[in-house]
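One point on numbering: in the working numbering, the residue at position 453 of the sequence shown is 453, and numbering is uninterrupted.
None of these hints come from the bench; they were simulated from the model. Warning: the hint list may mix true and false statements.
What the hints assert, rightly or not - Within a straight-line C-alpha distance of at most 27 Å, the following computed BS3-like cross-link-like pairs (lysine-lysine) qualify:
{"hint": "1", "residue 1": "K481", "residue 2": "K467"}
{"hint": "2", "residue 1": "K230", "residue 2": "K99"}
{"hint": "3", "residue 1": "K384", "residue 2": "K467"}
{"hint": "4", "residue 1": "K230", "residue 2": "K60"}
{"hint": "5", "residue 1": "K121", "residue 2": "K99"}
{"hint": "6", "residue 1": "K391", "residue 2": "K368"}
{"hint": "7", "residue 1": "K220", "residue 2": "K163"}
{"hint": "8", "residue 1": "K163", "residue 2": "K99"}
{"hint": "9", "residue 1": "K368", "residue 2": "K481"}
{"hint": "10", "residue 1": "K163", "residue 2": "K173"}
{"hint": "11", "residue 1": "K369", "residue 2": "K349"}
{"hint": "12", "residue 1": "K349", "residue 2": "K467"}
{"hint": "13", "residue 1": "K99", "residue 2": "K173"}
{"hint": "14", "residue 1": "K257", "residue 2": "K33"}
{"hint": "15", "residue 1": "K378", "residue 2": "K477"}
{"hint": "16", "residue 1": "K477", "residue 2": "K368"}
{"hint": "17", "residue 1": "K369", "residue 2": "K384"}
{"hint": "18", "residue 1": "K233", "residue 2": "K220"}
{"hint": "19", "residue 1": "K99", "residue 2": "K74"}
{"hint": "20", "residue 1": "K368", "residue 2": "K349"}
{"hint": "21", "residue 1": "K481", "residue 2": "K385"}
{"hint": "22", "residue 1": "K203", "residue 2": "K230"}
{"hint": "23", "residue 1": "K481", "residue 2": "K369"}
{"hint": "24", "residue 1": "K467", "residue 2": "K352"}
{"hint": "25", "residue 1": "K385", "residue 2": "K368"}
{"hint": "26", "residue 1": "K352", "residue 2": "K391"}
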Amino acid sequence: MKAKFRFKLFITMITFALVISFSIAIIDYLKLKEEAINNNQAQIQQTEDIVINSLSTIDKAYTIFDQEITEEMKEHTEELIERYQANPTFEDWDFATIKEEIGMDVYIINDENVIIHTSFKEDQGLDFASCCTDFSNLLDQRREAGEFTTDGLDVQQKTGELKKFSYMATPDKDYIFELGYSLADERIFQEFNFLRVIEDLEKRYNTINEINVLNTDGFKLGAMTENHSKPLKRQEAFNHAINTGEITEVEGEWQGKPALYRYIYYAADNKQGISTNRVVEINYNRESLGTILSQNRTIFLWQLAIVFLVTIALALLISKWVARPMHMAFHDRLTGLKNRTAFEEILEKRMKERQETAILMIDLDHFKKVNDILGHDKGDELLKKVAICIKRHCRQEDTAIRMGGDEFIVLLPNSTVEESADVAEKLLNAISHLFQSVTDVSGIPLTASIGISITPKDGIDIDTLYKKADIALYASKQKGKNQYYVYNESGSFVQGM
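Model the full assembly from the supplied sequences, consistent with the hints where possible.
Laid out in C-alpha coordinates, this is it:
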(Lines of atoms letter the chains of each structure in order from A and count residues from 1; the text may use other names and numbers.)
(Lines give C-alpha, C1' and ligand atoms only; values in the text may rest on other atoms or scores of the structure.)
Protein backbone atom coordinates (compact mmCIF):
# COMPACT_ATOMS: atom_id res chain seq x y z
CA MET A 1 0.00 0.00 0.00
CA LYS A 2 2.78 2.38 0.96
CA ALA A 3 4.69 1.60 -2.25
CA LYS A 4 1.54 2.22 -4.30
CA PHE A 5 0.95 5.52 -2.54
CA ARG A 6 4.55 6.59 -3.05
CA PHE A 7 4.35 5.68 -6.74
CA LYS A 8 1.23 7.80 -7.17
CA LEU A 9 2.91 10.66 -5.35
CA PHE A 10 6.01 10.26 -7.52
CA ILE A 11 3.98 10.31 -10.74
CA THR A 12 2.03 13.36 -9.57
CA MET A 13 5.16 15.27 -8.57
CA ILE A 14 7.14 14.41 -11.67
CA THR A 15 4.21 15.32 -13.94
CA PHE A 16 3.79 18.68 -12.23
CA ALA A 17 7.54 19.38 -12.16
CA LEU A 18 8.03 18.36 -15.80
CA VAL A 19 5.14 20.51 -16.99
CA ILE A 20 6.54 23.54 -15.15
CA SER A 21 10.17 22.88 -16.13
CA PHE A 22 9.40 22.07 -19.75
CA SER A 23 7.19 25.14 -20.02
CA ILE A 24 9.98 27.36 -18.69
CA ALA A 25 12.55 25.68 -20.97
CA ILE A 26 10.31 26.06 -24.02
CA ILE A 27 9.63 29.72 -23.22
CA ASP A 28 13.38 30.32 -22.84
CA TYR A 29 14.04 28.56 -26.15
CA LEU A 30 11.42 30.63 -27.95
CA LYS A 31 12.91 33.78 -26.43
CA LEU A 32 16.40 32.77 -27.60
CA LYS A 33 15.03 31.98 -31.05
CA GLU A 34 13.30 35.35 -31.25
CA GLU A 35 16.43 37.07 -29.97
CA ALA A 36 18.59 35.34 -32.61
CA ILE A 37 16.19 36.37 -35.38
CA ASN A 38 16.05 39.94 -34.05
CA ASN A 39 19.85 40.09 -33.82
CA ASN A 40 20.09 38.86 -37.39
CA GLN A 41 17.68 41.53 -38.55
CA ALA A 42 19.53 44.12 -36.45
CA GLN A 43 22.80 43.22 -38.18
CA ILE A 44 21.21 43.72 -41.58
CA GLN A 45 19.58 46.98 -40.51
CA GLN A 46 22.85 48.18 -38.97
CA THR A 47 24.69 47.29 -42.18
CA GLU A 48 22.15 49.21 -44.22
CA ASP A 49 22.41 52.28 -41.97
CA ILE A 50 26.21 52.28 -41.99
CA VAL A 51 26.43 52.03 -45.80
CA ILE A 52 23.81 54.75 -46.35
CA ASN A 53 25.50 57.02 -43.81
CA SER A 54 28.85 56.41 -45.48
CA LEU A 55 27.45 57.33 -48.90
CA SER A 56 25.73 60.38 -47.48
CA THR A 57 28.95 61.52 -45.79
CA ILE A 58 31.09 61.26 -48.91
CA ASP A 59 28.44 62.98 -51.03
CA LYS A 60 28.24 65.86 -48.58
CA ALA A 61 32.03 66.03 -48.46
CA TYR A 62 32.22 66.35 -52.24
CA THR A 63 29.52 68.97 -52.23
CA ILE A 64 31.52 71.05 -49.78
CA PHE A 65 35.08 70.43 -50.89
CA ASP A 66 35.13 69.59 -54.62
CA GLN A 67 34.26 73.06 -55.90
CA GLU A 68 37.82 73.48 -57.15
CA ILE A 69 37.57 70.31 -59.25
CA THR A 70 34.22 71.44 -60.62
CA GLU A 71 35.63 74.81 -61.67
CA GLU A 72 38.61 73.13 -63.29
CA MET A 73 36.35 70.74 -65.23
CA LYS A 74 34.21 73.64 -66.41
CA GLU A 75 37.26 75.59 -67.55
CA HIS A 76 38.62 72.63 -69.53
CA THR A 77 35.20 71.93 -71.06
CA GLU A 78 34.90 75.51 -72.28
CA GLU A 79 38.41 75.26 -73.78
CA LEU A 80 37.41 72.09 -75.63
CA ILE A 81 34.26 73.72 -76.98
CA GLU A 82 36.39 76.63 -78.27
CA ARG A 83 38.67 74.09 -79.94
CA TYR A 84 35.61 72.40 -81.44
CA GLN A 85 34.35 75.69 -82.85
CA ALA A 86 37.80 76.26 -84.36
CA ASN A 87 38.17 72.68 -85.63
CA PRO A 88 35.03 70.47 -85.51
CA THR A 89 36.85 67.57 -87.13
CA PHE A 90 37.54 65.22 -84.19
CA GLU A 91 39.70 62.96 -86.31
CA ASP A 92 42.31 65.72 -86.14
CA TRP A 93 42.27 65.75 -82.34
CA ASP A 94 44.87 63.88 -80.27
CA PHE A 95 42.76 62.79 -77.31
CA ALA A 96 45.65 61.04 -75.53
CA THR A 97 47.61 64.30 -75.56
CA ILE A 98 44.57 66.27 -74.39
CA LYS A 99 44.14 63.90 -71.46
CA GLU A 100 47.79 64.31 -70.53
CA GLU A 101 47.44 68.11 -70.68
CA ILE A 102 44.27 68.46 -68.58
CA GLY A 103 44.61 65.33 -66.39
CA MET A 104 41.11 64.09 -67.25
CA ASP A 105 39.55 61.64 -69.69
CA VAL A 106 37.66 63.19 -72.60
CA TYR A 107 34.51 61.71 -74.18
CA ILE A 108 32.68 62.96 -77.27
CA ILE A 109 29.01 61.85 -77.28
CA ASN A 110 27.02 62.27 -80.51
CA ASP A 111 23.33 63.09 -80.86
CA GLU A 112 22.45 59.35 -80.60
CA ASN A 113 24.21 59.22 -77.22
CA VAL A 114 27.09 57.07 -78.48
CA ILE A 115 30.70 57.77 -77.49
CA ILE A 116 32.41 58.33 -80.83
CA HIS A 117 35.78 59.63 -79.59
CA THR A 118 37.51 59.27 -76.24
CA SER A 119 40.87 59.17 -74.51
CA PHE A 120 39.56 56.11 -72.64
CA LYS A 121 39.64 53.56 -75.46
CA GLU A 122 37.64 50.94 -73.54
CA ASP A 123 34.54 53.17 -73.82
CA GLN A 124 34.90 53.82 -77.52
CA GLY A 125 31.54 53.07 -79.14
CA LEU A 126 29.60 52.82 -75.87
CA ASP A 127 25.91 53.28 -76.66
CA PHE A 128 24.07 54.76 -73.70
CA ALA A 129 20.71 54.43 -75.45
CA SER A 130 21.19 50.65 -75.41
CA CYS A 131 22.87 50.06 -72.06
CA CYS A 132 21.55 52.86 -69.88
CA THR A 133 18.14 54.16 -70.87
CA ASP A 134 17.64 56.48 -67.90
CA PHE A 135 21.07 58.02 -68.32
CA SER A 136 20.50 58.39 -72.06
CA ASN A 137 17.31 60.36 -71.35
CA LEU A 138 19.25 62.54 -68.95
CA LEU A 139 21.85 63.24 -71.64
CA ASP A 140 19.06 64.39 -73.98
CA GLN A 141 17.84 66.78 -71.31
CA ARG A 142 21.35 68.15 -70.77
CA ARG A 143 21.86 68.53 -74.51
CA GLU A 144 18.75 70.66 -74.77
CA ALA A 145 19.69 72.73 -71.69
CA GLY A 146 23.16 73.42 -73.07
CA GLU A 147 24.51 74.21 -69.60
CA PHE A 148 27.56 72.88 -67.80
CA THR A 149 26.63 70.21 -65.23
CA THR A 150 28.47 67.78 -63.02
CA ASP A 151 27.43 64.65 -61.17
CA GLY A 152 28.67 63.44 -57.85
CA LEU A 153 30.47 60.18 -57.29
CA ASP A 154 29.84 57.75 -60.19
CA VAL A 155 31.37 54.68 -61.78
CA GLN A 156 33.45 54.06 -64.90
CA GLN A 157 31.44 51.20 -66.39
CA LYS A 158 34.26 49.16 -67.87
CA THR A 159 36.61 49.34 -64.89
CA GLY A 160 34.38 50.18 -61.94
CA GLU A 161 36.70 53.10 -61.21
CA LEU A 162 35.12 55.89 -59.19
CA LYS A 163 35.03 59.16 -61.08
CA LYS A 164 33.44 62.55 -61.20
CA PHE A 165 31.88 63.36 -64.58
CA SER A 166 30.93 66.68 -66.17
CA TYR A 167 28.76 67.36 -69.20
CA MET A 168 28.21 70.26 -71.59
CA ALA A 169 26.65 70.33 -75.05
CA THR A 170 28.24 72.10 -77.99
CA PRO A 171 26.42 75.24 -79.13
CA ASP A 172 25.05 73.38 -82.16
CA LYS A 173 23.69 70.61 -79.84
CA ASP A 174 25.31 67.95 -82.04
CA TYR A 175 27.68 66.70 -79.36
CA ILE A 176 28.18 66.54 -75.63
CA PHE A 177 31.63 66.96 -74.14
CA GLU A 178 32.06 64.68 -71.13
CA LEU A 179 35.06 64.85 -68.82
CA GLY A 180 35.97 62.14 -66.32
CA TYR A 181 38.07 62.89 -63.28
CA SER A 182 39.41 59.99 -61.19
CA LEU A 183 38.54 60.28 -57.49
CA ALA A 184 40.35 57.22 -56.19
CA ASP A 185 43.47 59.16 -55.26
CA GLU A 186 41.65 62.22 -53.97
CA ARG A 187 42.02 63.00 -50.27
CA ILE A 188 38.26 63.29 -49.83
CA PHE A 189 37.71 59.78 -51.11
CA GLN A 190 40.52 58.40 -48.98
CA GLU A 191 39.04 60.04 -45.89
CA PHE A 192 35.49 58.88 -46.59
CA ASN A 193 36.09 55.66 -48.52
CA PHE A 194 32.75 53.86 -48.37
CA LEU A 195 34.28 50.83 -50.15
CA ARG A 196 36.53 50.23 -47.14
CA VAL A 197 33.49 50.53 -44.88
CA ILE A 198 31.70 47.91 -46.96
CA GLU A 199 34.69 45.57 -46.84
CA ASP A 200 34.81 45.85 -43.04
CA LEU A 201 31.09 45.06 -42.77
CA GLU A 202 31.44 41.98 -44.99
CA LYS A 203 34.23 40.70 -42.73
CA ARG A 204 32.43 41.56 -39.50
CA TYR A 205 29.12 39.82 -40.12
CA ASN A 206 28.84 36.20 -41.26
CA THR A 207 25.29 36.96 -42.29
CA ILE A 208 26.47 39.31 -45.04
CA ASN A 209 27.72 37.71 -48.25
CA GLU A 210 28.31 40.86 -50.26
CA ILE A 211 27.39 44.53 -50.34
CA ASN A 212 27.23 46.45 -53.60
CA VAL A 213 26.53 50.09 -54.31
CA LEU A 214 24.93 50.39 -57.75
CA ASN A 215 24.17 53.37 -59.89
CA THR A 216 20.69 53.66 -61.32
CA ASP A 217 21.71 51.70 -64.40
CA GLY A 218 22.82 48.79 -62.23
CA PHE A 219 26.60 49.29 -62.49
CA LYS A 220 28.58 48.49 -59.36
CA LEU A 221 30.70 51.28 -57.92
CA GLY A 222 34.32 50.30 -57.32
CA ALA A 223 34.39 47.10 -59.40
CA MET A 224 34.64 46.10 -63.04
CA THR A 225 31.26 45.18 -64.50
CA GLU A 226 31.41 43.14 -67.66
CA ASN A 227 27.73 42.23 -67.48
CA HIS A 228 25.53 44.17 -65.09
CA SER A 229 22.32 42.35 -66.00
CA LYS A 230 20.60 40.46 -63.17
CA PRO A 231 18.21 37.51 -63.02
CA LEU A 232 14.65 38.63 -63.69
CA LYS A 233 13.46 38.58 -60.07
CA ARG A 234 16.44 40.58 -58.87
CA GLN A 235 16.09 43.05 -61.75
CA GLU A 236 12.43 43.54 -60.90
CA ALA A 237 13.31 44.11 -57.23
CA PHE A 238 16.04 46.57 -58.26
CA ASN A 239 13.64 48.49 -60.53
CA HIS A 240 10.93 48.49 -57.85
CA ALA A 241 13.35 50.04 -55.34
CA ILE A 242 14.28 52.78 -57.83
CA ASN A 243 10.72 53.53 -58.93
CA THR A 244 9.08 53.49 -55.49
CA GLY A 245 11.92 54.24 -53.08
CA GLU A 246 10.78 51.22 -51.03
CA ILE A 247 13.12 48.61 -49.61
CA THR A 248 12.67 45.45 -51.65
CA GLU A 249 13.82 41.89 -50.92
CA VAL A 250 13.94 38.88 -53.19
CA GLU A 251 15.33 35.36 -52.93
CA GLY A 252 18.22 34.35 -55.14
CA GLU A 253 21.55 32.51 -55.17
CA TRP A 254 25.09 33.45 -54.30
CA GLN A 255 27.96 31.10 -55.15
CA GLY A 256 25.45 28.28 -55.64
CA LYS A 257 23.79 28.75 -52.25
CA PRO A 258 20.41 30.29 -51.35
CA ALA A 259 20.63 33.98 -50.53
CA LEU A 260 18.42 37.01 -50.01
CA TYR A 261 18.96 40.25 -51.91
CA ARG A 262 17.88 43.48 -50.27
CA TYR A 263 17.65 46.67 -52.36
CA ILE A 264 17.64 50.11 -50.70
CA TYR A 265 17.20 53.22 -52.80
CA TYR A 266 19.45 56.12 -51.82
CA ALA A 267 18.99 59.68 -53.08
CA ALA A 268 21.81 62.07 -52.23
CA ASP A 269 20.80 65.38 -50.64
CA ASN A 270 22.99 67.24 -53.12
CA LYS A 271 21.84 65.41 -56.24
CA GLN A 272 22.44 67.19 -59.52
CA GLY A 273 21.33 64.36 -61.81
CA ILE A 274 20.00 60.86 -61.79
CA SER A 275 23.46 59.31 -61.65
CA THR A 276 23.94 60.79 -58.16
CA ASN A 277 21.20 58.50 -56.89
CA ARG A 278 22.13 54.93 -56.08
CA VAL A 279 20.85 51.58 -54.90
CA VAL A 280 22.50 49.65 -52.10
CA GLU A 281 22.35 45.91 -52.69
CA ILE A 282 22.86 43.80 -49.56
CA ASN A 283 23.28 40.11 -50.28
CA TYR A 284 22.88 38.10 -47.10
CA ASN A 285 22.39 34.49 -46.09
CA ARG A 286 20.49 32.62 -43.43
CA GLU A 287 23.21 30.08 -42.74
CA SER A 288 24.58 31.88 -39.71
CA LEU A 289 21.06 32.34 -38.36
CA GLY A 290 20.37 28.66 -39.04
CA THR A 291 23.59 27.72 -37.25
CA ILE A 292 22.63 29.82 -34.23
CA LEU A 293 19.12 28.37 -34.18
CA SER A 294 20.55 24.86 -34.49
CA GLN A 295 22.92 25.51 -31.60
CA ASN A 296 20.06 26.91 -29.54
CA ARG A 297 17.97 23.85 -30.41
CA THR A 298 20.79 21.54 -29.29
CA ILE A 299 21.18 23.48 -26.05
CA PHE A 300 17.41 23.33 -25.58
CA LEU A 301 17.35 19.54 -26.01
CA TRP A 302 20.22 19.14 -23.56
CA GLN A 303 18.39 21.39 -21.13
CA LEU A 304 15.27 19.27 -21.48
CA ALA A 305 17.29 16.10 -20.88
CA ILE A 306 18.96 17.58 -17.81
CA VAL A 307 15.65 18.96 -16.53
CA PHE A 308 14.05 15.55 -17.06
CA LEU A 309 16.80 13.68 -15.19
CA VAL A 310 17.01 16.21 -12.36
CA THR A 311 13.24 16.28 -12.06
CA ILE A 312 13.08 12.49 -11.79
CA ALA A 313 15.85 12.46 -9.20
CA LEU A 314 14.21 15.20 -7.13
CA ALA A 315 10.78 13.61 -7.48
CA LEU A 316 12.16 10.28 -6.26
CA LEU A 317 13.90 11.94 -3.34
CA ILE A 318 10.99 14.16 -2.34
CA SER A 319 8.42 11.41 -2.79
CA LYS A 320 10.54 9.23 -0.53
CA TRP A 321 10.66 11.94 2.11
CA VAL A 322 7.03 12.96 1.79
CA ALA A 323 5.43 9.59 1.12
CA ARG A 324 5.97 8.15 4.56
CA PRO A 325 4.44 10.96 6.66
CA MET A 326 1.58 11.37 4.14
CA HIS A 327 1.08 7.62 4.08
CA MET A 328 1.09 7.45 7.86
CA ALA A 329 -1.50 10.21 8.04
CA PHE A 330 -4.00 7.80 6.48
CA HIS A 331 -2.53 4.43 7.48
CA ASP A 332 -1.98 2.50 10.65
CA ARG A 333 1.67 2.41 11.62
CA LEU A 334 1.64 -1.19 12.91
CA THR A 335 -0.47 -3.06 10.36
CA GLY A 336 -0.29 -0.81 7.28
CA LEU A 337 -4.09 -0.77 6.99
CA LYS A 338 -5.94 2.49 6.56
CA ASN A 339 -6.68 4.31 9.83
CA ARG A 340 -9.60 6.19 11.39
CA THR A 341 -8.86 9.36 9.39
CA ALA A 342 -9.04 7.46 6.13
CA PHE A 343 -12.20 5.69 7.34
CA GLU A 344 -14.02 8.98 7.91
CA GLU A 345 -12.83 10.45 4.61
CA ILE A 346 -13.86 7.41 2.54
CA LEU A 347 -17.22 7.01 4.24
CA GLU A 348 -18.03 10.71 3.99
CA LYS A 349 -17.30 10.68 0.27
CA ARG A 350 -19.52 7.63 -0.31
CA MET A 351 -22.37 9.17 1.65
CA LYS A 352 -22.18 12.38 -0.32
CA GLU A 353 -22.46 10.26 -3.46
CA ARG A 354 -25.35 8.38 -1.80
CA GLN A 355 -23.52 5.10 -2.32
CA GLU A 356 -24.79 2.28 -0.11
CA THR A 357 -21.99 1.01 2.12
CA ALA A 358 -21.84 -1.74 4.71
CA ILE A 359 -19.67 -1.52 7.82
CA LEU A 360 -18.21 -4.66 9.33
CA MET A 361 -16.94 -3.75 12.77
CA ILE A 362 -14.54 -6.47 14.02
CA ASP A 363 -13.39 -6.79 17.60
CA LEU A 364 -10.96 -9.48 18.83
CA ASP A 365 -12.32 -11.30 21.87
CA HIS A 366 -10.00 -11.71 24.90
CA PHE A 367 -7.12 -10.04 23.05
CA LYS A 368 -6.06 -8.11 26.15
CA LYS A 369 -5.00 -11.42 27.68
CA VAL A 370 -2.52 -11.92 24.83
CA ASN A 371 -0.71 -8.70 25.82
CA ASP A 372 -0.90 -9.55 29.52
CA ILE A 373 0.21 -13.19 29.23
CA LEU A 374 2.32 -13.35 26.05
CA GLY A 375 3.54 -9.75 25.98
CA HIS A 376 2.94 -6.75 23.75
CA ASP A 377 5.43 -7.92 21.13
CA LYS A 378 3.46 -11.10 20.64
CA GLY A 379 0.27 -9.06 20.61
CA ASP A 380 1.62 -6.72 17.92
CA GLU A 381 2.76 -9.66 15.84
CA LEU A 382 -0.69 -11.21 16.10
CA LEU A 383 -2.39 -7.92 15.11
CA LYS A 384 -0.26 -7.83 11.95
CA LYS A 385 -1.34 -11.37 11.10
CA VAL A 386 -4.99 -10.45 11.68
CA ALA A 387 -4.62 -7.45 9.35
CA ILE A 388 -3.16 -9.68 6.66
CA CYS A 389 -5.93 -12.23 7.20
CA ILE A 390 -8.66 -9.59 6.91
CA LYS A 391 -7.22 -8.14 3.69
CA ARG A 392 -6.81 -11.61 2.19
CA HIS A 393 -10.43 -12.63 2.79
CA CYS A 394 -12.05 -9.35 1.78
CA ARG A 395 -13.22 -8.64 -1.70
CA GLN A 396 -11.01 -6.54 -3.97
CA GLU A 397 -13.31 -3.53 -3.75
CA ASP A 398 -13.51 -3.66 0.06
CA THR A 399 -11.40 -1.46 2.35
CA ALA A 400 -9.80 -2.85 5.54
CA ILE A 401 -9.21 -0.38 8.39
CA ARG A 402 -7.67 -0.59 11.84
CA MET A 403 -9.52 1.81 14.12
CA GLY A 404 -7.13 1.27 17.01
CA GLY A 405 -6.26 -1.42 19.56
CA ASP A 406 -7.88 -4.68 18.51
CA GLU A 407 -10.75 -3.04 16.63
CA PHE A 408 -10.93 -3.35 12.83
CA ILE A 409 -13.49 -2.23 10.26
CA VAL A 410 -14.16 -3.37 6.72
CA LEU A 411 -16.07 -1.06 4.35
CA LEU A 412 -18.07 -2.91 1.72
CA PRO A 413 -19.39 -0.69 -1.11
CA ASN A 414 -22.76 -1.48 -2.72
CA SER A 415 -23.31 -4.57 -0.54
CA THR A 416 -26.56 -6.23 0.43
CA VAL A 417 -27.16 -7.84 3.82
CA GLU A 418 -26.51 -11.24 2.31
CA GLU A 419 -23.20 -10.17 0.73
CA SER A 420 -22.07 -8.52 3.95
CA ALA A 421 -22.99 -11.63 5.96
CA ASP A 422 -21.04 -13.82 3.54
CA VAL A 423 -17.89 -11.70 3.99
CA ALA A 424 -18.38 -11.74 7.78
CA GLU A 425 -18.60 -15.54 7.84
CA LYS A 426 -15.40 -15.90 5.80
CA LEU A 427 -13.58 -13.51 8.11
CA LEU A 428 -14.77 -15.28 11.27
CA ASN A 429 -13.64 -18.65 9.92
CA ALA A 430 -10.25 -17.30 8.78
CA ILE A 431 -9.57 -15.47 12.06
CA SER A 432 -10.66 -18.49 14.09
CA HIS A 433 -8.25 -20.66 12.14
CA LEU A 434 -5.48 -18.06 12.64
CA PHE A 435 -6.03 -17.99 16.42
CA GLN A 436 -6.22 -21.75 16.87
CA SER A 437 -2.50 -22.29 17.34
CA VAL A 438 -2.25 -19.40 19.80
CA THR A 439 -5.21 -20.74 21.77
CA ASP A 440 -3.71 -24.24 21.86
CA VAL A 441 -0.43 -22.96 23.28
CA SER A 442 -1.66 -20.25 25.64
CA GLY A 443 -5.13 -21.45 26.47
CA ILE A 444 -6.53 -18.00 25.65
CA PRO A 445 -9.93 -18.47 23.95
CA LEU A 446 -9.24 -16.02 21.10
CA THR A 447 -12.12 -15.34 18.73
CA ALA A 448 -13.61 -12.40 16.85
CA SER A 449 -17.01 -10.74 17.02
CA ILE A 450 -18.52 -8.71 14.15
CA GLY A 451 -21.25 -6.06 14.03
CA ILE A 452 -22.70 -5.01 10.69
CA SER A 453 -24.65 -1.90 9.68
CA ILE A 454 -25.65 -0.79 6.20
CA THR A 455 -26.48 2.74 5.03
CA PRO A 456 -30.12 3.05 4.00
CA LYS A 457 -31.00 4.38 0.54
CA ASP A 458 -32.12 7.72 1.92
CA GLY A 459 -28.71 8.28 3.52
CA ILE A 460 -27.38 8.49 7.07
CA ASP A 461 -24.58 10.27 8.90
CA ILE A 462 -21.26 8.61 9.76
CA ASP A 463 -21.74 8.67 13.53
CA THR A 464 -25.13 6.97 13.32
CA LEU A 465 -23.86 4.29 10.98
CA TYR A 466 -20.85 3.69 13.19
CA LYS A 467 -23.04 3.55 16.27
CA LYS A 468 -25.39 0.99 14.71
CA ALA A 469 -22.43 -1.25 13.81
CA ASP A 470 -21.16 -0.87 17.36
CA ILE A 471 -24.58 -1.88 18.74
CA ALA A 472 -24.59 -4.93 16.50
CA LEU A 473 -21.07 -5.78 17.67
CA TYR A 474 -22.14 -5.50 21.32
CA ALA A 475 -25.00 -7.87 20.61
CA SER A 476 -22.58 -10.34 19.07
CA LYS A 477 -20.38 -10.29 22.18
CA GLN A 478 -23.35 -10.54 24.50
CA LYS A 479 -24.66 -13.58 22.65
CA GLY A 480 -21.44 -15.52 23.09
CA LYS A 481 -18.84 -14.04 20.74
CA ASN A 482 -17.34 -15.65 17.58
CA GLN A 483 -20.37 -14.59 15.59
CA TYR A 484 -21.82 -11.57 13.75
CA TYR A 485 -25.02 -9.57 14.02
CA VAL A 486 -26.55 -7.27 11.41
CA TYR A 487 -28.34 -4.13 12.58
CA ASN A 488 -31.35 -3.58 10.35
CA GLU A 489 -33.51 -0.48 10.03
CA SER A 490 -36.16 -1.78 12.44
CA GLY A 491 -33.58 -2.02 15.20
CA SER A 492 -33.65 -5.83 15.33
CA PHE A 493 -30.69 -8.07 14.64
CA VAL A 494 -29.89 -10.78 12.16
CA GLN A 495 -27.66 -13.36 13.75
CA GLY A 496 -24.94 -15.32 11.99
CA MET A 497 -22.57 -18.16 12.79
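Hints, verified against the model:
no. : hint        : verdict
1   : K481 / K467 : holds, 19 Å
2   : K230 / K99  : violated, 34 Å
3   : K384 / K467 : holds, 26 Å
4   : K230 / K60  : violated, 30 Å
5   : K121 / K99  : holds, 12 Å
6   : K391 / K368 : holds, 22 Å
7   : K220 / K163 : holds, 13 Å
8   : K163 / K99  : holds, 15 Å
9   : K368 / K481 : holds, 15 Å
10  : K163 / K173 : holds, 25 Å
11  : K369 / K349 : violated, 37 Å
12  : K349 / K467 : holds, 18 Å
13  : K99 / K173  : holds, 23 Å
14  : K257 / K33  : holds, 23 Å
15  : K378 / K477 : holds, 24 Å
16  : K477 / K368 : holds, 15 Å
17  : K369 / K384 : holds, 17 Å
18  : K233 / K220 : holds, 18 Å
19  : K99 / K74   : holds, 15 Å
20  : K368 / K349 : violated, 34 Å
21  : K481 / K385 : holds, 20 Å
22  : K203 / K230 : holds, 25 Å
23  : K481 / K369 : holds, 16 Å
24  : K467 / K352 : holds, 19 Å
25  : K385 / K368 : holds, 16 Å
26  : K352 / K391 : holds, 26 Å
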